[in-house]
Amino acid sequence: MRYLPLTDADRRDMLTKVGVKAVDDLFRDVPASARLPGKVAGLPDHLGELEVERAFQGFAAMNVSPASVPFFVGAGAYRHHVPSTVDYMIQRGEFLTSYTPYQPEITQGTLQYLFEFQTQVSLLTGMEVANASMYDGSTAASEAVLMANRITRRGKALLSGGLHPQYRQVIETTAHWQGYKAVAGKADAAGLEDLIAAVDKETSCVVVQNPSFFGHVRDFTKLAAACHAAGALLIVVVTEVVSLGLLMPPGDMGADIVVCEGQSIGNGLGFGGPYVGLFATREKYLRQMPGRLAGETVDADGRRGFVLTLSTREQHIRREKATSNICTNAGLCALAFTVHLTLLGEAGFRRLAELNHAKACALADHVAALPGVEVLSDSFFNEFTVRLPKAAAPVVEALADRRILAGLPVSRLLPDDPDAESLLLLAATETVTEQDMAALVAGLKEVL
Numbered sequence: 001m002r003y004l005p006l007t008d009a010d011r012r013d014m015l016t017k018v019g020v021k022a023v024d025d026l027f028r029d030v031p032a033s034a035r036l037p038g039k040v041a042g043l044p045d046h047l048g049e050l051e052v053e054r055a056f057q058g059f060a061a062m063n064v065s066p067a068s069v070p071f072f073v074g075a076g077a078y079r080h081h082v083p084s085t086v087d088y089m090i091q092r093g094e095f096l097t098s099y100t101p102y103q104p105e106i107t108q109g110t111l112q113y114l115f116e117f118q119t120q121v122s123l124l125t126g127m128e129v130a131n132a133s134m135y136d137g138s139t140a141a142s143e144a145v146l147m148a149n150r151i152t153r154r155g156k157a158l159l160s161g162g163l164h165p166q167y168r169q170v171i172e173t174t175a176h177w178q179g180y181k182a183v184a185g186k187a188d189a190a191g192l193e194d195l196i197a198a199v200d201k202e203t204s205c206v207v208v209q210n211p212s213f214f215g216h217v218r219d220f221t222k223l224a225a226a227c228h229a230a231g232a233l234l235i236v237v238v239t240e241v242v243s244l245g246l247l248m249p250p251g252d253m254g255a256d257i258v259v260c261e262g263q264s265i266g267n268g269l270g271f272g273g274p275y276v277g278l279f280a281t282r283e284k285y286l287r288q289m290p291g292r293l294a295g296e297t298v299d300a301d302g303r304r305g306f307v308l309t310l311s312t313r314e315q316h317i318r319r320e321k322a323t324s325n326i327c328t329n330a331g332l333c334a335l336a337f338t339v340h341l342t343l344l345g346e347a348g349f350r351r352l353a354e355l356n357h358a359k360a361c362a363l364a365d366h367v368a369a370l371p372g373v374e375v376l377s378d379s380f381f382n383e384f385t386v387r388l389p390k391a392a393a394p395v396v397e398a399l400a401d402r403r404i405l406a407g408l409p410v411s412r413l414l415p416d417d418p419d420a421e422s423l424l425l426l427a428a429t430e431t432v433t434e435q436d437m438a439a440l441v442a443g444l445k446e447v448l
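1 is the number of the first residue of the sequence shown in my numbering; add one for each residue after it.
Just so you know, these hints were derived from the structure itself, not from any lab.
Note that beta-carbon positions come from the ideal geometry of N, C-alpha and C, so glycine has one too.
Hints may contain errors.
Cβ-Cβ distance ranges computed for the label pairs, FRET-style [said to hold, decoys possible]:
#1 401 <-> 434: 56 to 62 Å
#2 442 <-> 322: 53 to 59 Å
#3 252 <-> 23: 54 to 60 Å
#4 14 <-> 34: 50 to 56 Å
Think about it this way: if two alpha-carbon atoms lie no more than 27 Å apart in a straight line, the pair counts; the simulated DSSO-like pairs of lysine-lysine are [stated by the list, open to error]:
#5 17 <-> 156
#6 222 <-> 186
#7 186 <-> 201
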């Protein structure tokens with residue numbers, strides 16, 4: 001028997017209350033072209049549980065899994081090996097079902113792992129303080145700009161042309177509704193951008209990415225000095241957090257705020273989410289940091305304990321005093337991050353980064369030897385950009401038909417940039433084998 005709690009009279013009363021005559025009136029803002037005229041053709045009204053499982057297994061089989069074919073896609077989401085211990089730990093009931101640690105006396109385990117997570121993020125980024133996770137890297141970047149605006153009391157953010165296009169779009173959307181300027185540089189595939197000349201007295205912050213969207217590795221020490229001389233802040237975005245196992249930490253470059261996408265550690269690709277945003281800053285800016293901060297203390301008996309020492313969300317304090325409207329965090333993903341990084345340790349994390357870089361160097365050498373293919377990134381970690389002698393998107397589609405997922409055509413994220421048409425972004429992590437590389441090279445030879 002179907003569960004229908006509302007009667008026809010209930011529905012009429014509700015529609016009258018909101019001032020419409022029919023349920024369809026609630027969807028009048030949706031264009032007619034986007035609405036279905038009736039039931040979906042071929043979709044049954046209901047099936048048994050076994051039949052539903054079989055149907056969805058059939059749908060899943062239509063996907064090409066990154067684990068089943070040579071895989072070179074990155075662009076902010078990377079395939080890494082996640083030890084089975086990680087999933088085992090996060091599926092323990094006390095972790096999997098725990099909620100926000102409002103009551104420290106019954107949530108010491110959650111608070112402790114958040115404290116350890118913050119410590120790890122601070123060490124990785126070279127910063128003094130980190131929060132207890134954000135939703136993902138892109139929204140963390142947007143929150144970082146809002147934070148810089150509050151600190152500097154200015155309203156113009158300079159966005160590097162090497163910033164991930166989707167991160168830029170998130171920041172620009174926030175800027176539109178929050179009433180500040182977001183000035184984006186031209187996409188910088190060559191890595192020749194000069195941001196120092198663009199910093200002025202109206203600039204609240206400069207947002208850069210390292211490695212950049214196109215793979216370039218840069219030292220932003222001089223840019224940080226220029227920002228500080230002008231009273232602005234430097235925000236460094238890291239979309240591949242494994243790179244911090246080899247590269248200079250942003251804090252050592254003089255960054256004021258560092259945001260990262262932490263998906264690479266402990267979290268699978270997951271069709272785009274859920275991911276985990278990392279956020280770190282200087283201690284002097286602590287009170288303007290969004291999100292939560294777990295702190296260490298002692299209880300009434302003098303024993304070590306943990307509490308939430310900072311909660312800046314609008315649910316916790318008066319709306320006009322809040323510094324963040326982030327209404328969730330990625331606690332379980334943060335735990336996965338912490339478990340994986342703890343298993344690796346410092347030496348293991350460095351070795352993982354070395355493996356990634358070595359794989360990417362080998363791949364770059366292979367593809368650079370192909371006629372008409374040019375590697376554009378003069379320095380990179382595990383991802384780089386190549387220029388093909390023809391449009392990249394059809395090449396990627398042709399290779400996908402051959403069961404090779406050959407990177408990201410840059411034109412997919414920069415459709416209005418004519419220079420992006422022939423650009424292909426290739427990533428090689430520790431999961432890529434020599435056989436995978438040979439398959440990609442053979443496929444490119446055939447398709448090109």
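Which numbered hints fail: 1, 4 and 5
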